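S.K.: From just these sequences and the hints, can you work out the full model?
The numbering used here puts the sequence shown at residues 17 to 137.
Hints listed in this document are in silico derivations from the structure and should not be mistaken for laboratory results.
Keep in mind that the hints are not guaranteed to be accurate.
As the list claims (entries may be wrong) - Distance ranges between label pairs, derived from CB positions: (1) Lys66 - Phe103: 24 to 30 Å; (2) Phe103 - Thr74: 22 to 28 Å; (3) Gly101 - Glu67: 49 to 55 Å; (4) Gly101 - Arg68: 47 to 53 Å; (5) Arg54 - Asn30: 22 to 28 Å; (6) Val70 - Ile117: 56 to 62 Å; (7) Asn104 - Ser76: 38 to 44 Å; (8) Met60 - Val99: 55 to 61 Å.
Predicted model only: the values in this text are computed from it and were never measured.
All C-beta atoms in this analysis are idealised placements derived from N, C-alpha and C, irrespective of residue type, glycine included.
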Amino acid sequence: MKRCPTCGSVSLNNEVECGVCGGSLAEASYESMGQIERDQAAEMAEEERKERRVVRRTESLGIVATIALVILGIGSLVGGILVLGQFNNLGSLLLVLLGMILLLEVLGVGIARPMFRKYLS
Numbered sequence: 017m018k019r020c021p022t023c024g025s026v027s028l029n030n031e032v033e034c035g036v037c038g039g040s041l042a043e044a045s046y047e048s049m050g051q052i053e054r055d056q057a058a059e060m061a062e063e064e065r066k067e068r069r070v071v072r073r074t075e076s077l078g079i080v081a082t083i084a085l086v087i088l089g090i091g092s093l094v095g096g097i098l099v100l101g102q103f104n105n106l107g108s109l110l111l112v113l114l115g116m117i118l119l120l121e122v123l124g125v126g127i128a129r130p131m132f133r134k135y136l137s
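M.R.: This is the structure in structure tokens:
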């Protein structure tokens with residue numbers, strides 16, 4: 017069996033051109049089927065490793081975002097209540113409302129429920 021140096025596809029020993037890309041198989045080395053299978057298994061393992069790395073990074077970013085939203089929600093809620101109690105300012109009601117909305121979203125009551133469900137359960 018020959019492996020095409022251009023696209024990596026496997027061809028029979030008597031073929032001169034690659035059936036996939038049309039590249040020349042003159043420089044292609046002969047490989048056993050076992051070696052080709054081992055190479056393909058190594059490539060698949062590398063792809064799976066990269067995919068797992070991306071999934072882990074995505075999950076950790078989701079956890080960090082959830083924690084940041086909780087902190088922001090609690091801070092807005094407490095800050096709004098303090099400003100409202102001290103200065104009787106109506107603008108602080110917006111902070112209270114923002115804090116309540118953020119906390120409800122993170123806890124899974126609002127539209128973001130499917131997004132954060134896997135981190136909170």
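S.K.: Hints broken by the structure, by number, lowest first?
M.R.: Numbers 1, 2, 6 - these are the hints that the structure violates, sorted from lowest upward.
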